[in-house]
Amino acid sequence: MKFVDEYRDRATVETLTAAIRSTVHHPWTIMEICGGQTHAIVKHGIDRLLPQEITLVHGPGCPVCVTSVELIDRAVAIASRPEVIFTSFGDMLRVPGSSRDLLSVKAAGGDVRIIYSPLDAVDLAAKNPGRKVVFFAVGFETTAPANAMAAVQARRMGLTNFFLLTAHVLVPPAIAAILGSPANRVQAFLAAGHVCTVMGYEEYLPLAASFHTPIVVTGFEPVDILHGILLAVRQLEEGRAEVENQYSRVVRREGNAGARRVIADVFEPSDRTWRGIGTIPMSGYRLRPAFASMDAEHHFDVGHLEAHESPLCIAGSVLQGIRKPHECPAFGRECTPERPLGAPMVSSEGACAAYYRYGALNHGR
Amino acid sequence: MADDTPSFDGYSCPLPIDRYPHVLMAHGGGGKLTHELIERVFVPAFRNDDLAPMHDGAILSPGAGRLAFTTDSYVVHPLFFPGGSIGDLAVCGTVNDLAMCGATPRYLSAAFVIEEGLAMADLQRIAADMRRAADRAGVTIVTGDTKVVDRGKGDGVFITTSGIGVIPTGVDIRPTNMRPGDVLIVNGPIARHGIAIMSVREGLSFGTQIVSDTAPLNSLVTVMLAACPSLHVLRDPTRGGVASTMNELAAQSGTGIELDETAIPIDDEVRGACEILGFDPLYVANEGKLIAAVPPGAADAVLAAMRAHPLGARAAAIGRVVSEHPSIVTLRSSIGSMRIVDMLSGEQLPRIC
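Quick mapping for you: the protein sequence lines, in order, are chains A and B. The first sequence maps to residues 1 to 365 in my numbering. The second sequence maps to residues 366 to 718 in my numbering.
Each hint should be verified, as a subset may be incorrect.
[As the list claims (entries may be wrong)] Calculated pairs, DSSO-like style, for lysine-lysine (alpha carbon to alpha carbon, straight line, at most 27 Å):
id, chain 1, residue 1, chain 2, residue 2
1, B, 397, B, 518
2, B, 518, A, 127
3, A, 106, B, 518
4, B, 397, B, 512
5, A, 106, A, 127
6, A, 132, B, 518
7, A, 324, A, 43
8, A, 43, A, 106
9, A, 106, A, 132
I should point out that these hints are in silico values taken from the structure, not numbers from a laboratory.
Just chain A, with the same shape it has in the complex:
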């Protein structure tokens, strides 16, 4: 496939791996922030090609993983209501709340549907005027433009039965929180290419400078990831801390102006609780007051929710790169993809699931 195969080319991969080997002289810890990159690393076995000086740790960049238990419980409660058609991207359905996930709600008779575009949820609302259609607006800056467009479109169509349960999270505040933590061990970041496609990378400049940490905007194919690692290692070895753009075939410094505009029209930054990590100031989006009538959280009174997380689960440490999935005592024992304790084991992009699925040879599960 054009634009894919050339970035999975074995000869190019070998050239990059050799370049990394000859560049690295000291041990370095690099975090890929995005779950899609974690998945690609483990799926293609990229980590097994790297010299032992380089430790990759996996960041909180899986929106499924970091959606708070309280918000999942809220989604479960809303989806259980008979008047509601609850819509979501597929991989949210298996994430456990305190006691149930959305698939269980569906099995119990709730109208829970997988959609591929938030505009499909708007269509559903138009075709079902007697029902209330709720869309679980999950994701980083990547999905925010399309989710915002859905709100704009619903308003344009005059729909009063379309709602968003907003769970958006933002990357730069998460990077700042990780680098600001006393337990931090991350020395360079691979920033998520698709987030930067939307937002550009100007927000990363002050982070790289103030924490003296290289940040390399990186794509998702093996060649991208190894190139991103090479650029990060070069900076680390040379003592530089800059923002570099490995993914220049897609990402521009200022991002996508149209997408940013529609996000700004519909959403505003707000504090957000990250599963396993806690509240990070101004690290999420909520609907602006002009769109408050679409806010599912306000529209549906689901009463008081008490969220519970398993005390065995170290998801928070895994998501901050403090510990690796297989270092968790519950990994592969009490916690498996069939019986997950935490979200990183549920999502196909979760670090724990990726380690479990692809890493048994490395980590002796």
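Using the hints provided, position chain B relative to the given structure of chain A.
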């Protein structure tokens, strides 16, 4: 007076079955309408000498050799999809289960659970598809059953087919036969069926229409067995795809499996659809595919025989059986690294980004 008394002798519903555009509850009631449904839909579609007596069961003469016997239920939605229908699937699936035992499929039964309201034309089309698939596979449908459930309590129609086949003397196919060194062969590009179904179920459209690979594989198996009568294992990688089948085989045989990603045939449009949806094609369902474990000395002959058959034209050796890492399936990735191919937990779900 007596002459004015209406006679109900010979009275029947004035509407012939083709005037009922939809299946009614009464079509499953065991009375006249059930009889008409069978007589007018299934008997004409499946007509054969063994079905003709319309006895409570079929009386068969399977011939010499060991019998293989299998059963499977088909609950696919939608009922019709690019490249096939639930009718094709119900015949091919059971035929293939027999073929994977090395058996020559002979007879099928077909039980229908029909939802009230199913269009009669759809049922007739499904029955015609079953007949066509049965003819292609050289099997006959010799007995069956029909039930109708209330509207909303089915999904159009569910079909259960059971099948009997005869295993030729000398053929012994089972997972425990798998030996280190065996070559693993697939008969063509994978993941078509799952993506074809998903494209219609979810209303997704891709650049080109992706058509299911549904097909009866028994004639392909026949030429493979002719090339290598001591073939070790056959398995059709349906639900759960190639990855799940390989894991089953590794676990059941206690051997390790090493796959070569670059050798696994997959069409570009299917690969593209999987990329878009975040699916791994190794886990996507197939219907007209088989995996064979072949002794190394016979691999070239089996591949040549398969490639001369229309259902094996793009057959490929995709990996081998090893003694290292027993019960684990690994894959040499396209970039030259190694990774585990695990059993999937639940369904693959399309991911967020």
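Verification of the supplied hints:
1. 397(B) / 518(B): At roughly 23 Å apart (the allowed maximum being 27 Å), residue 518(B) and residue 397(B) satisfy the hint.
2. 518(B) / 127(A): 24 Å, holds
3. 106(A) / 518(B): Holds, at roughly 16 Å.
4. 397(B) / 512(B): Holds, because 14 Å separates the two Cα atoms, which is no more than 27 Å.
5. 106(A) / 127(A): Cα-Cα ~20 Å, so holds.
6. 132(A) / 518(B): 25 Å, holds
7. 324(A) / 43(A): With a Cα-Cα distance of about 17 Å, the restraint between residue 324(A) and residue 43(A) holds, given a limit of 27 Å.
8. 43(A) / 106(A): 30 Å, violated
9. 106(A) / 132(A): Holds. Residue 106(A) to residue 132(A) sits at ~16 Å (cutoff 27 Å).
Of the hints listed earlier, the one the structure fails to meet is number 8.
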